[in-house]
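Chemist: With the hints as constraints, model all of the structure from the sequences given.
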Amino acid sequence: NAGVTQTPKFRILKIGQSMTLQCTQDMNHNYMYWYRQDPGMGLKLIYYSVGAGITDKGEVPNGYNVSRSTTEDFPLRLELAAPSQTSVYFCASYRGEYSNQPQHFGDGTRLSIL
Amino acid sequence: AQSVTQPDIHITVSEGASLELRCNYSYGATPYLFWYVQSPGQGLQLLLKYFSGDTLVQGIKGFEAEFKRSQSSFNLRKPSVHWSDAAEYFCAVGGNRGSTLGRLYFGRGTQLTVWP
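Protein chains in written order, with the working numbering: chain U, 1 to 114; chain D, 115 to 230.
Calculated directly from the structure, the hints in this document are not laboratory data.
Computed from a predicted model, the values in this text were never measured in an experiment.
Glycine included, C-beta positions come from ideal geometry on N, C-alpha and C.
In silico DSS-like pairs for lysine-lysine, Cα to Cα no more than 30 Å straight-line:
1. D/Lys182 x U/Lys44
2. U/Lys9 x D/Lys175
3. U/Lys44 x U/Lys57
4. U/Lys14 x U/Lys44
5. U/Lys57 x D/Lys163
6. U/Lys9 x U/Lys57
7. D/Lys175 x D/Lys163
8. U/Lys9 x D/Lys163
One side of the interface only, derived from the structure: several residues of chain D facing chain U at Cβ under 8 Å:
9. Phe148
10. Gly157
11. Leu158
12. Leu160
13. Lys163
14. Phe204
15. Gly216
16. Arg217
17. Leu218
18. Phe220
19. Gly221
20. Arg222
21. Gly223
Every beta carbon over 12 Å from chain U, so not counted as near; a handful from chain D, in silico:
22. Ile125
23. Thr169
24. Asn189
25. His196
26. Trp229
Modeler: Written out as structure tokens, the structure reads:
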């Protein structure tokens, strides 16, 4: 049972490059989330999705895009990488309504923009 | 609006001493509450959670936390700290209704250092 899988684990980008952070879950969870973690700031929500085809902005969406074409996958896209996007990115999933189970987190993607 | 405050950025304790990490939250109803731990370069590990019922919850690694509605607090405790407990600890509030359902709101974290 893999849970939430994020790829890649590490990546270095140059300013202006683009890339997609992959996230997939095998628990058939409806809800999925992308967070970023910066030192001393905790985790901030970037985007979330409550089901295939439905996405919405979180607290810090600028500079990112997402899509949710399947229940399993929730990729995060950086179109024009900027140094301010250097961070650790976590994907999470949640079963949804009436569930008292916590979110399941991936192991994170450590991204540096130089 | 939902928010979480962890007043202590950094705490240092001696091995074997007791520990209490503070967490205060703001939420419009009875929240779901969580404590996570993160070791350097690692992901988040869930220590314990509160959804309802008994306000004293037990978690992994000998940790416990108490939900106090009157104080909007969910402090984490451990009676005797081990050197391996050195890590960063995050308190989080989970949305349990409407548009906040499933969302987590994190505090800024408390870094724990353990002296031998």
